[in-house]
Amino acid sequence: MPTPTPAVDPDGARPPTPAVVTDSPRPPASPVGSRGPAVTPAPYGGDAPAPAGNPPGASGSVPPAADVRPPTPTVAELLAFVRRTAEDTALVSSLPLDPEGRTWLRLEGPGGSEAWLIGWPPGTGTGWHDHAESTGAFTVAAGALREHSLAARLPTEGWKTLELSEDIDRTRRLATGQGRAFGRHHVHEVLNESEHEHAVSVHAYYPPLPRIRRFSRTGAVLRLEQTERPEDWQ
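Following the working numbering, the numbering of the sequence shown begins with 1 at its first residue and continues without gaps.
Source of the hints: derived by calculation from the structure; they are not laboratory data. Note that this is a predicted model, so its numbers are computed, not measured. By construction, the Cβ of each residue, glycine as well, lies at the ideal position given by its N, Cα and C atoms. The reader is advised that the hints may include incorrect statements.
[Claimed, not checked] Across the chosen pairs, the derived CB separations fall in these ranges: (1) 225 to 167: 21 to 31 angstroms; (2) 76 to 172: 12 to 22 angstroms; (3) 232 to 160: 15 to 25 angstroms.
Kindly generate the complete structure, drawing on both the sequences and the hints.
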């Protein structure tokens, strides 16, 4: 079972201080150990000086061990992780739900990815946003969510407003057990359209989110409102 730790919201508004916060993805990467040179007990004890040269049986100095880093998770592995985690009923039921706003727990994702368990009260949503250079995936663990997305990659710099073409919009309803993966610079908004039922979902991103751009939309016009970075979520 992934180990939950309370933190900030990966896919919504900036959180307040409490561990379980109401309404709005940056956790530190998984610890990566680094070992120094191997240490061999000296074969010579007491006060006598050790003879010059290498210890008996040694052919030279011992090189430092290489850093051991987790393999980069693929989009398919992120999707498999969120699907598997969404089936963990004990974990899902451990998430406190609030009728006034979203709640979340940070999880340990595969390969140093950023992962979250998120609760959605009826009528809540994220607003339009992207995920910069991160790929990601999410799966609904309870209830249902609606995703509106754009089937185009937006320019990363140099604009404030864009007029979207008529054929760019996509929408899908994701019921319990359903999910999706997405590539870099994916732009979407996610909503719980239910009037009475909470939804719960599991999300994962790799690399951990370097920034989130937030947009407002009026008809076909998309406007860049702000850019958030991890230090803004602390």
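Hint check results:
no. : hint                           : in the structure
1   : 225 to 167: 21 to 31 angstroms : holds (25 angstroms)
2   : 76 to 172: 12 to 22 angstroms  : holds (19 angstroms)
3   : 232 to 160: 15 to 25 angstroms : holds (20 angstroms)
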